[in-house]
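Number of protein chains: 2
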Amino acid sequence: MPQRDVINIGLLGFGVVGSGALQILERERESLANAAGCRLEVKRVADIDWQRPRPIHVPPEKRTTDALEVVRDPEISIVIEAIGGVKPALDYVLEAIANGKSVVTSNKEMMAKEGRQVMEAAAAKGVDICFEGAVGGGIPIIRPLKESLAGAGLRRVLGIVNGTTNYILTQMQQHGREFGDALAEAQQKGYAEPDPTSDVEGFDAAYKLAILASIAFNSRVNLESVYHEGITRIGAADMAYAQELGYVIKLLAIGADTEDGLELRVHPTLVPRDHPLASVADVFNAVFIEGDAVGEVMFYGRGAGSLPTGSAVVGDVVDVARNIRNGATGRVPCTCFEQKRAKNIEEVVGKYYLRLQVADRPGVLASIASVFGEESVSIASVVQKKTTGDRAEIVWITHDVKEHAMQKSLQRIRSLPVVVEVSNLIRVLAA
Amino acid sequence: MPQRDVINIGLLGFGVVGSGALQILERERESLANAAGCRLEVKRVADIDWQRPRPIHVPPEKRTTDALEVVRDPEISIVIEAIGGVKPALDYVLEAIANGKSVVTSNKEMMAKEGRQVMEAAAAKGVDICFEGAVGGGIPIIRPLKESLAGAGLRRVLGIVNGTTNYILTQMQQHGREFGDALAEAQQKGYAEPDPTSDVEGFDAAYKLAILASIAFNSRVNLESVYHEGITRIGAADMAYAQELGYVIKLLAIGADTEDGLELRVHPTLVPRDHPLASVADVFNAVFIEGDAVGEVMFYGRGAGSLPTGSAVVGDVVDVARNIRNGATGRVPCTCFEQKRAKNIEEVVGKYYLRLQVADRPGVLASIASVFGEESVSIASVVQKKTTGDRAEIVWITHDVKEHAMQKSLQRIRSLPVVVEVSNLIRVLAA
Numbered sequence: 001m002p003q004r005d006v007i008n009i010g011l012l013g014f015g016v017v018g019s020g021a022l023q024i025l026e027r028e029r030e031s032l033a034n035a036a037g038c039r040l041e042v043k044r045v046a047d048i049d050w051q052r053p054r055p056i057h058v059p060p061e062k063r064t065t066d067a068l069e070v071v072r073d074p075e076i077s078i079v080i081e082a083i084g085g086v087k088p089a090l091d092y093v094l095e096a097i098a099n100g101k102s103v104v105t106s107n108k109e110m111m112a113k114e115g116r117q118v119m120e121a122a123a124a125k126g127v128d129i130c131f132e133g134a135v136g137g138g139i140p141i142i143r144p145l146k147e148s149l150a151g152a153g154l155r156r157v158l159g160i161v162n163g164t165t166n167y168i169l170t171q172m173q174q175h176g177r178e179f180g181d182a183l184a185e186a187q188q189k190g191y192a193e194p195d196p197t198s199d200v201e202g203f204d205a206a207y208k209l210a211i212l213a214s215i216a217f218n219s220r221v222n223l224e225s226v227y228h229e230g231i232t233r234i235g236a237a238d239m240a241y242a243q244e245l246g247y248v249i250k251l252l253a254i255g256a257d258t259e260d261g262l263e264l265r266v267h268p269t270l271v272p273r274d275h276p277l278a279s280v281a282d283v284f285n286a287v288f289i290e291g292d293a294v295g296e297v298m299f300y301g302r303g304a305g306s307l308p309t310g311s312a313v314v315g316d317v318v319d320v321a322r323n324i325r326n327g328a329t330g331r332v333p334c335t336c337f338e339q340k341r342a343k344n345i346e347e348v349v350g351k352y353y354l355r356l357q358v359a360d361r362p363g364v365l366a367s368i369a370s371v372f373g374e375e376s377v378s379i380a381s382v383v384q385k386k387t388t389g390d391r392a393e394i395v396w397i398t399h400d401v402k403e404h405a406m407q408k409s410l411q412r413i414r415s416l417p418v419v420v421e422v423s424n425l426i427r428v429l430a431a
Numbered sequence: 001m002p003q004r005d006v007i008n009i010g011l012l013g014f015g016v017v018g019s020g021a022l023q024i025l026e027r028e029r030e031s032l033a034n035a036a037g038c039r040l041e042v043k044r045v046a047d048i049d050w051q052r053p054r055p056i057h058v059p060p061e062k063r064t065t066d067a068l069e070v071v072r073d074p075e076i077s078i079v080i081e082a083i084g085g086v087k088p089a090l091d092y093v094l095e096a097i098a099n100g101k102s103v104v105t106s107n108k109e110m111m112a113k114e115g116r117q118v119m120e121a122a123a124a125k126g127v128d129i130c131f132e133g134a135v136g137g138g139i140p141i142i143r144p145l146k147e148s149l150a151g152a153g154l155r156r157v158l159g160i161v162n163g164t165t166n167y168i169l170t171q172m173q174q175h176g177r178e179f180g181d182a183l184a185e186a187q188q189k190g191y192a193e194p195d196p197t198s199d200v201e202g203f204d205a206a207y208k209l210a211i212l213a214s215i216a217f218n219s220r221v222n223l224e225s226v227y228h229e230g231i232t233r234i235g236a237a238d239m240a241y242a243q244e245l246g247y248v249i250k251l252l253a254i255g256a257d258t259e260d261g262l263e264l265r266v267h268p269t270l271v272p273r274d275h276p277l278a279s280v281a282d283v284f285n286a287v288f289i290e291g292d293a294v295g296e297v298m299f300y301g302r303g304a305g306s307l308p309t310g311s312a313v314v315g316d317v318v319d320v321a322r323n324i325r326n327g328a329t330g331r332v333p334c335t336c337f338e339q340k341r342a343k344n345i346e347e348v349v350g351k352y353y354l355r356l357q358v359a360d361r362p363g364v365l366a367s368i369a370s371v372f373g374e375e376s377v378s379i380a381s382v383v384q385k386k387t388t389g390d391r392a393e394i395v396w397i398t399h400d401v402k403e404h405a406m407q408k409s410l411q412r413i414r415s416l417p418v419v420v421e422v423s424n425l426i427r428v429l430a431a
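Chains A and B, in that order, are what the protein sequence lines are.
So the first sequence is numbered by our numbering: it starts at 1 and just counts up by one.
So the second sequence is numbered by our numbering: it starts at 1 and just counts up by one.
A hint or two may mislead.
Repeated chains share a single entry, so a pair holds when one copy, or any two copies, can fit it.
Said to hold, decoys possible - Here are the simulated lysine to any residue pairs, SDA-like style, with alpha carbons at most 20 Å apart:
1. K340 <-> R27
2. K43 <-> P60
3. K343 <-> G176
4. K340 <-> S31
5. K386 <-> A359
Don't read these hints as lab results, they were simulated from the structure.
In this text the structure is predicted, and so the values were computed from the model without any measurement.
Please take these sequences and the hints and turn them into a complete structure.
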């Protein structure tokens with residue numbers, strides 16, 4: 001076992017996550033040395049812009065603008081990748097691995113899109129690749145899924161994994177705001193990017209679901225297999241109806257391991273008010289897991305931010321350091337041992353919430369109900385309300401039905417002369 | 001690196017946890033072999049009673065009534081201890097370790113009382129000792145605390161770690177039951193033992209807090225330093241007042257790392273209704289963590305039961321197997337690197353709920369309030385209600401005050417002629 005007094009770390013990217021990790025490495029220096037069994041030294045920090053103000057100082061001799069200097073430094077054993085995005089982060093990560101370094105990253109996009117390549121490269125070199133910070137910020141999720149829950153018999157993973165959209169939906173729910181207003185406020189508070197597409201359209205959550213499901217179900221999930229739909233079409237009216245019917249609306253990432261394949265989808269979802277995920281508010285994240293053996297388990301906390309995500313990165317660094325000191329890097333392999341097919345969204349069975357604007361005259365309810373009947377869509381509840389003038393609004397909640405049948409019904413309903421508008425179709429969380 | 005096709009496991013104790021672990025090892029055989037990198041075979045099972053019906057069959061040639069046969073078997077590398085209690089479990093665990101075997105246990109009492117001895121023995125032999133199942137059943141808590149949250153800067157740990165008392169309190173809260181009735185129902189449902197002392201008096205929660213705090217704060221906690229108080233004196237009236245004041249009552253295990261020492265206490269606690277722990281109901285457990293870097297993190301799930309706890313045990317077994325295959329047992333050392341003093345409960349600062357029966361006449365409120373004033377106990381709110389005849393009930397909530405000052409006030413209040421009875425003093429969770 002190689003005994004070492006110090007393990008040198010290289011940091012790529014000195015933004016939100018990188019500076020958070022560095023702060024923690026500095027201020028918890030002693031306890032981390034105890035935990036790792038040796039000193040953890042950040043030897044080099046690479047960033048293209050050294051002019052921006054940061055919460056922590058890096059001595060000039062440690063700074064570089066060339067990431068290759070870091071990934072090629074023979075004295076560095078662990079590289080923290082905190083650049084984000086696929087390119088050029090992936091190139092640096094692969095070169096670091098090729099040079100025998102273990103890598104810690106919080107890069108969800110890279111791991112979701114290029115996880116296979118990164119994992120295979122690490123396995124070939126016998127080094128560690130850790131990415132706890134890629135999902136749920138500082139909340140321990142990846143490692144518990146991969147290690148503690150190895151015997152849990154995981155069947156379903158439900159996640160509120162995007163803080164921006166959860167903040168927006170919480171604002172809409174608690175204050176009756178419309179989406180646009182809530183988004184503007186989130187942007188003002190720094191919870192949403194100037195271009196909010198990745199968050200509000202569900203891309204970010206889809207990355208995280210691909211990662212979570214790959215680990216939970218031991219089968220590599222291709223990002224293309226993840227259906228995703230954002231929250232931009234959720235209105236204050238939907239929120240109000242959901243509330244009236246005993247639900248809240250959340251952007252859920254849902255992965256399920258079923259007999260005929262994996263279900264992988266991100267979409268707004270009506271969650272029963274007494275479900276533990278229903279009370280996960282504001283920017284908080286949570287991952288709710290169901291397993292044959294373990295029953296229900298939930299992980300909850302701050303899903304983003306400099307120090308929370310930095311905490312996850314540092315936890316990974318300590319783990320890698322322990323492996324290095326024990327000559328045991330690569331001890332937890334990629335766990336995608338199986339190849340499971342992914343279902344198409346059309347095959348997925350679930351309940352639906354449907355809000356329609358219709359002409360307010362006799363027989364309208366019956367004509368829509370008869371379409372549902374003909375398509376074998378069974379109705380759990382229906383609420384009809386007079387709105388303005390000669391219009392009425394009808395909200396339906398169905399029993400379980402295949403997405404395909406629901407979409408077919410919707411197409412037919414849309415073409416009924418009495419139907420003025422299909423306002424929204426939202427999926428309902430199944431028990 | 002020693003490559004092995006199979007790792008043999010010995011199981012001590014074939015009760016609730018042991019049979020759960022065995023069931024999972026059998027039914028998840030293939031995926032566990034993938035995860036561990038080799039087959040995991042249960043070679044011997046020791047129990048003193050082979051007559052009881054079990055949910056899983058053990059072939060006669062694997063059975064023994066002599067635990068020593070297991071811990072001395074040279075072909076066995078991992079011993080699962082599922083006997084419970086300190087003696088004789090501790091002796092077998094120490095002998096297994098002395099024989100170079102790694103040990104997985106869910107024995108909270110043994111780890112709380114004899115953890116130091118067990119950890120030191122394992123360190124001396126370079127083997128693993130894992131005990132994820134000792135706290136929170138199948139919920140991953142120990143390993144995340146020790147590994148993922150190594151850089152989290154943990155300051156406080158709040159746990160609902162006893163399912164029996166949480167079930168009883170939930171029944172009292174939701175149905176207005178008295179403690180005795182709720183206990184009887186819990187016993188009938190098998191959630192409480194015929195002798196419920198360990199649960200309802202807080203011993204079980206104290207064991208778990210000693211373990212959690214030792215890991216969270218990197219300092220060995222002696223069980224004697226943990227103040228504990230049970231739930232037997234909580235009445236339906238307290239539940240109703242708590243509700244009226246915006247709280248629920250939970251048995252909390254509270255550990256805090258403060259400037260002048262560790263706070264370690266288990267007692268009924270008024271938890272604000274909007275705190276994530278407030279909605280942890282029935283037999284569910286949760287551990288809520290606050291850290292400088294990580295912010296707030298909560299782990300939630302089934303805190304007991306054959307398969308959930310078995311799942312935790314099996315997760316540990318896979319981890320140990322990975323270490324064995326990599327020649328890296330002992331890679332995560334005991335993390336009690338520091339020696340922090342434990343505060344006495346008298347030193348602890350907090351808020352209090354006090355319910356009194358008093359004579360219903362003018363000046364009573366003032367005479368009690370003046371005692372509080374003289375003892376510098378500041379009052380946050382007070383509710384007075386007429387009860388029967390010439391009696392009234394007063395409920396006080398204080399601001400922060402040292403336990404010592406609160407107890408002194410209470411002593412003086414008790415001796416006031418107008419005070420008929422001190423019905424209850426319950427601590428309130430501080431933000």
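Now for the hints, and whether the structure bears them out:
1. K340 <-> R27: For K340 and R27, only the inter-copy Cα distance (19 Å) is at most 20 Å; the intra-copy one is 44 Å.
2. K43 <-> P60: within (11 Å within a copy, 59 Å between copies)
3. K343 <-> G176: For K343 and G176, the Cα distance exceeds 20 Å both inside one copy (36 Å) and across copies (47 Å).
4. K340 <-> S31: between (42 Å within a copy, 14 Å between copies)
5. K386 <-> A359: Answer is within; shortest intra-copy Cα gap is 10 Å, inter-copy 58 Å.
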